[in-house]
Amino acid sequence: QKEVEQDPGPLSVPEGAIVSLNCTYSNSAFQYFMWYRQYSRKGPELLMYTYSSGNKEDGRFTAQVDKSSKYISLFIRDSQPSDSATYLCAMSAGGWGGADGLTFGKGTHLIIQP
Amino acid sequence: GAVVSQHPSWVICKSGTSVKIECRSLDFQATTMFWYRQFPKQSLMLMATSNEGSKATYEQGVEKDKFLINHASLTLSTLTVTSAHPEDSSFYICSARDRQFLPHEQYFGPGTRLTVT
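Chains L and B, in that order, are what the protein sequence lines are. The first sequence runs 1 to 114 under my numbering. The second sequence runs 1 to 117 under my numbering.
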């Protein structure tokens, strides 16, 4: 079993729809949960991060973490064609000053149809 | 936000030759730099972690003699792929952070696409 599981898609939805992206993980030591957006042949760009369990909202994006279920989600409201990209979840067990690399999911390829 | 650059952005080399990729933090001191590799339609896989002035720590299965990492200054780390083979063709991405940063504050470079012919 891989440490982080993420459905690679592609996930295709019409413009304006609510998008739900998810990851599951097995390592209970993970405390920091991130979502990155990656366009083709580019480096990942941090969208949101959450520490431990709970919700976090930033504009059209909402991140949720349920540590009891080892399940994290990213919701995108009012999706736009410009949101089309690959979305990667990433996790870390490291605390302040830690030097841990991130463990990434495979990424979900999202397509927003105009 | 913090900016990380990589050079070159893409490189083609012949099998058996070596190629060096540079990763620079432009506006902060990177006490730690990470090197990742990404194959098509695959996730980013951590290859190694380097702390300034120390030897790099390699992930299981990554050959340290093949992927040489140098982190000689607080703004520069290099990855040298020695005796490259076609199976080394991949997208190599670095990230950098300062020890003062939280784990999510890991800034990624734009990546280097390596093609070995």
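By construction, these hints were calculated from the structure, which means they are not laboratory data. Hints are supplied without guarantee of correctness; some may be wrong.
[Said to hold, decoys possible] Dumping the calculated BS3-like pairs for lysine-lysine here, alpha-carbon to alpha-carbon at most 30 angstroms:
#: 1; chain 1: B; residue 1: K55; chain 2: B; residue 2: K20
#: 2; chain 1: B; residue 1: K66; chain 2: L; residue 2: K56
#: 3; chain 1: B; residue 1: K20; chain 2: L; residue 2: K70
#: 4; chain 1: B; residue 1: K64; chain 2: B; residue 2: K41
#: 5; chain 1: L; residue 1: K70; chain 2: B; residue 2: K41
#: 6; chain 1: B; residue 1: K20; chain 2: B; residue 2: K66
#: 7; chain 1: L; residue 1: K42; chain 2: L; residue 2: K56
#: 8; chain 1: B; residue 1: K20; chain 2: L; residue 2: K42
#: 9; chain 1: B; residue 1: K41; chain 2: L; residue 2: K67
#: 10; chain 1: B; residue 1: K14; chain 2: B; residue 2: K41
#: 11; chain 1: B; residue 1: K41; chain 2: L; residue 2: K106
#: 12; chain 1: B; residue 1: K14; chain 2: L; residue 2: K70
#: 13; chain 1: B; residue 1: K14; chain 2: L; residue 2: K56
#: 14; chain 1: B; residue 1: K66; chain 2: L; residue 2: K67
#: 15; chain 1: B; residue 1: K66; chain 2: B; residue 2: K14
#: 16; chain 1: B; residue 1: K20; chain 2: L; residue 2: K56
#: 17; chain 1: L; residue 1: K106; chain 2: L; residue 2: K56
#: 18; chain 1: B; residue 1: K66; chain 2: B; residue 2: K41
#: 19; chain 1: B; residue 1: K55; chain 2: B; residue 2: K66
#: 20; chain 1: L; residue 1: K67; chain 2: B; residue 2: K14
#: 21; chain 1: L; residue 1: K56; chain 2: L; residue 2: K67
#: 22; chain 1: L; residue 1: K70; chain 2: L; residue 2: K56
#: 23; chain 1: B; residue 1: K20; chain 2: L; residue 2: K106
[Unchecked claim] Computed list of chain L residues with no C-beta within reach of chain B, every gap over 10 angstroms:
#: 24; residue: S12
#: 25; residue: K42
#: 26; residue: Q64
#: 27; residue: S92
#: 28; residue: L102
#: 29; residue: I111
[As the list claims (entries may be wrong)] Just a few of them, taken from the derived set where beta-carbon distance is under 10 angstroms, the chain L residues facing chain B:
#: 30; residue: D7
#: 31; residue: A93
#: 32; residue: L110
#: 33; residue: P114
We put the beta carbon where it would ideally sit given N, CA and C, even for glycine.
Each hint tested on the structure:
Distance check on the hinted pair: K55 (chain B) and K20 (chain B) sit about 17 angstroms apart at the alpha-carbon level, within 30 angstroms; holds. About 42 angstroms separates the Cα atoms of K66 (chain B) and K56 (chain L), which puts this hinted pair outside 30 angstroms; it is violated. A hinted pair counts as satisfied when its Cα atoms are at most 30 angstroms apart, and K20 (chain B) with K70 (chain L) does not qualify at roughly 39 angstroms. A threshold of 30 angstroms between alpha carbons decides the hint, and for K64 (chain B) with K41 (chain B) the separation of about 25 angstroms falls inside it, so the pair holds.
Between K70 (chain L) and K41 (chain B), the direct Cα distance comes to roughly 24 angstroms. Compliance with the 30 angstroms bound is thereby established for this hinted pair. Distance hint between K20 (chain B) and K66 (chain B) is fulfilled; the C-alpha atoms sit about 12 angstroms from each other, no more than 30 angstroms. The straight-line distance between the Cα atoms of K42 (chain L) and K56 (chain L) is roughly 26 angstroms, inside the 30 angstroms bound, and the hint therefore holds. For the hint linking K20 (chain B) to K42 (chain L), the alpha-carbon distance of about 19 angstroms falls within 30 angstroms, and the restraint holds.
Of the supplied pair hints, the one linking K41 (chain B) and K67 (chain L) holds, its CA atoms being roughly 27 angstroms apart against a limit of 30 angstroms. Proximity of K14 (chain B) to K41 (chain B) is assessed by CA-CA distance (about 24 angstroms); at most 30 angstroms being required, the pair is judged to hold. At roughly 8 angstroms between alpha-carbon atoms, K41 (chain B) and K106 (chain L) fall within 30 angstroms of each other, so this suggested pair holds. With a CA separation close to 44 angstroms, the supplied pair K14 (chain B) and K70 (chain L) exceeds the 30 angstroms bound.
A distance of roughly 48 angstroms separates the Cα atoms of K14 (chain B) and K56 (chain L); the hinted pair therefore is violated under the 30 angstroms criterion. Our distance criterion of 30 angstroms between C-alpha atoms is broken by K66 (chain B) and K67 (chain L), whose separation comes to about 38 angstroms. Using a Cα cut-off of 30 angstroms, the hinted pair K66 (chain B) and K14 (chain B) holds, with the two alpha carbons roughly 15 angstroms apart. Distance hint between K20 (chain B) and K56 (chain L) is unfulfilled; the C-alpha atoms sit about 40 angstroms from each other, more than 30 angstroms.
Between K106 (chain L) and K56 (chain L), the direct Cα distance comes to roughly 22 angstroms. Compliance with the 30 angstroms bound is thereby established for this hinted pair. Distance restraint check for K66 (chain B) and K41 (chain B): the Cα-Cα separation of roughly 24 angstroms lies within the 30 angstroms cut-off, and the hinted pair is therefore satisfied. Distance restraint check for K55 (chain B) and K66 (chain B): the Cα-Cα separation of roughly 15 angstroms lies within the 30 angstroms cut-off, and the hinted pair is therefore satisfied. Taken as a hint, the K67 (chain L) and K14 (chain B) pair is broken in the structure, with Cα atoms around 47 angstroms apart against an allowance of 30 angstroms.
Using a Cα cut-off of 30 angstroms, the hinted pair K56 (chain L) and K67 (chain L) holds, with the two alpha carbons roughly 14 angstroms apart. Annotation: proposed proximity of K70 (chain L) to K56 (chain L) holds, straight-line Cα distance about 17 angstroms (limit 30 angstroms). Among the hinted pairs, K20 (chain B) with K106 (chain L) is consistent with the structure: their alpha-carbon atoms are about 26 angstroms apart, no more than 30 angstroms. The claim that S12 (chain L) lies off the interface holds: its Cβ sits roughly 16 angstroms from the closest Cβ of chain B, which is beyond the 10 angstroms cut-off.
Not every Cβ of chain B is farther than 10 angstroms from the Cβ of K42 (chain L); the closest lies at roughly 6 angstroms, contradicting the non-interface assignment. The beta carbon of Q64 (chain L) sits about 16 angstroms from the closest Cβ of chain B, which is more than 10 angstroms, so the claim that it is off the interface holds. The beta carbon of S92 (chain L) sits about 4 angstroms from the closest Cβ of chain B, which is not more than 10 angstroms, so the claim that it is off the interface is violated. The beta carbon of L102 (chain L) is not kept farther than 10 angstroms from every beta carbon of chain B, the shortest such distance being approximately 6 angstroms.
At the 10 angstroms boundary, the C-beta of I111 (chain L) stays outside the reach of chain B, the nearest C-beta of that chain being 14 angstroms off. A least Cβ separation of about 12 angstroms between D7 (chain L) and chain B goes past the 10 angstroms threshold, and the interface hint is therefore violated. Checking A93 (chain L) against chain B: minimum C-beta separation of about 8 angstroms stays under 10 angstroms; hint holds. At a threshold of 10 angstroms, the smallest CB-CB gap from L110 (chain L) to chain B is about 14 angstroms, leaving the interface hint violated.
Contact between P114 (chain L) and chain B, as hinted, is not supported at the beta carbon level, the nearest pair being about 24 angstroms apart and thus beyond 10 angstroms.
Hint compliance for this structure: hints 2, 3, 12, 13, 14, 16, 20, 25, 27, 28, 30, 32 and 33 are not met, and every other hint is.
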